[in-house]
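Chain residues, written in single-letter form:
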Amino acid sequence: DTAVSQTPKYLVTQMGNDKSIKCEQNLGHDTMYWYKQDSKKFLKIMFSYNNKELIINETVPNRFSPKSPDKAHLNLHINSLELGDSAVYFCASSPRTAGNYGYTFGSGTRLTVV
Amino acid sequence: DQQVKQNSPSLSVQEGRISILNCDYTNSMFDYFLWYKKYPAEGPTFLISISSIKDKNEDGRFTVFLNKSAKHLSLHIVPSQPGDSAVYFCAAYTSGTYKYIFGTGTRLKVLA
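Protein chains in written order, with the working numbering: chain Y, 2 to 115; chain D, 8 to 119.
Accuracy of the hints is not assured; some may be wrong.
Claimed, not checked - Across the chosen pairs, the derived CB separations fall in these ranges:
(1) D/Pro86 with Y/Arg97: 31 to 41 Å
(2) Y/Pro9 with D/Arg114: 41 to 51 Å
(3) D/Pro86 with Y/Lys45: 33 to 43 Å
(4) Y/Gly29 with D/Lys61: 26 to 36 Å
(5) D/Met36 with Y/Arg97: 39 to 49 Å
(6) Y/Ile56 with D/Asp66: 46 to 56 Å
(7) Y/Ser21 with D/Asn74: 38 to 48 Å
(8) D/Gln10 with Y/Glu83: 39 to 49 Å
(9) D/Thr33 with Y/Thr60: 34 to 44 Å
(10) Y/Ser66 with D/Pro16: 44 to 54 Å
No lab work stands behind these hints: they were computed from the structure.
Quick reminder that beta carbons are idealized off the backbone N, C-alpha and C, glycines included.
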């Protein structure tokens with residue numbers, strides 16, 4: 002009965018490939034996020050959607066494209082993968098105004114580009 | 008441009024003693040601060056938060072202190088237990104931005 006679930010948990014792929022990571026939440030939250038944790042352990046926001054509307058789009062290469070078919074799902078598509086894309090990607094959700102309540106994170110997808 | 012900093016990458020504490028994890032920030036516009044706990048191969052989980060209008064918030068063994076003049080917050084865990092061994096992230100939030108800015112984490116090891 003996972004609140005925020007991401008698939009796959011591990012993804013190993015070659016440079017130049019296109020891949021997708023899926024995320025679903027069953028908490029009824031309005032807002033979903035993608036965060037990237039790099040090799041230096043920085044957790045940085047990439048995108049956020051509120052009720053299928055893009056509200057945060059940080060400085061991310063346009064090879065990364067989020068898609069939110071409904072407010073319970075936020076997928077991440079990555080085209081032409083590069084070695085530097087290797088990281089752990091976390092999906093999260095929150096009530097519209099997270100404020101004091103925090104996010105609920107998924108368990109992460111470890112992407113390795115070889 | 009690291010607005011939230013955790014300068015201690017690791018900390019070891021004996022079981023039963025106090026663990027103190029520190030976090031510094033630079034942006035005076037932050038109005039909420041949170042602590043997250045992360046176990047290996049799992050996502051961070053929300054632990055405790057504090058509003059910028061308060062200087063202390065307590066939840067069981069966990070207490071967060073905020074010193075706005077020093078732009079510093081700390082998480083106290085008393086008494087520390089082996090199950091508290093994890094990476095702890097502090098995060099800061101500005102209303103209306105919809106995002107948290109995270110520190111790089113401190114790995115706490117509680118020794119039995």
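Here is how each hint holds up against the structure:
| no. | hint | result |
| --- | --- | --- |
| 1 | D/Pro86 with Y/Arg97: 31 to 41 Å | 37 Å, holds |
| 2 | Y/Pro9 with D/Arg114: 41 to 51 Å | 26 Å, violated |
| 3 | D/Pro86 with Y/Lys45: 33 to 43 Å | 34 Å, holds |
| 4 | Y/Gly29 with D/Lys61: 26 to 36 Å | 28 Å, holds |
| 5 | D/Met36 with Y/Arg97: 39 to 49 Å | 20 Å, violated |
| 6 | Y/Ile56 with D/Asp66: 46 to 56 Å | 30 Å, violated |
| 7 | Y/Ser21 with D/Asn74: 38 to 48 Å | 44 Å, holds |
| 8 | D/Gln10 with Y/Glu83: 39 to 49 Å | 27 Å, violated |
| 9 | D/Thr33 with Y/Thr60: 34 to 44 Å | 19 Å, violated |
| 10 | Y/Ser66 with D/Pro16: 44 to 54 Å | 34 Å, violated |
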